[in-house]
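Visitor: Sequence:
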Amino acid sequence: MEIWVNPRCSKCRSAASILDEAGVEYTVRRYLDEPPTEAELAAVLDRLGLDPWDITRTGEKIAGELAMKSWPRTASERSRWISALAAHPELIQRPIITADDGTTVVARDEETVRSVLD
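Under our numbering, the first residue of the sequence shown is numbered -11, with each subsequent residue one higher.
No false leads were mixed into what you were given.
Simulated restraints, written as ranges between beta carbons of each label pair:
no., residue 1, residue 2, range
1, Gly11, Asp39, 33 to 39 Å
2, Pro60, Glu9, 38 to 44 Å
3, Glu99, Arg68, 30 to 36 Å
No lab work stands behind these hints, which were simulated from the structure alone.
For every residue, glycine included, the Cβ atom is placed at its ideal position computed from N, Cα and C.
Sequences and hints are given; from them, build the entire structure.
Guide: Encoded structure:
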C-alpha cells in the first residue's frame, strides 16, 4: 500500500493514523518532495476513474495564477491538466492511497480510508 501525503495536511495525518491503527504496512510518498510524473498521475487517475480536474485543488494560489478555473474540462485538455499537476504537485488533492490490489482512493474521510483496508 502507498499513501501520497503532505505532512502538514491534517487529513493526511488522520489517514496515516488510521492505517497505523489497522496495523497495515504502507509506504509514504511525500509527493511535494517527490512529485509524481505525468505517467504516474495518468495511471492514478485511471485507477481512480477520475479526470485530473477532479483531483485539482483549484483554490491554491498557483491555480489562480494559472487561471485553471477557466480551463476547459474536456478530454482534449486532459494532458494540459496532468502536466500542471506534475509541475505543481501542491495542486493535487490529498491523501491518495493505492492499496496492494490496485484500488485507489482520495482518502479525505475515515470511511474512505477504511475502504482500502478490506
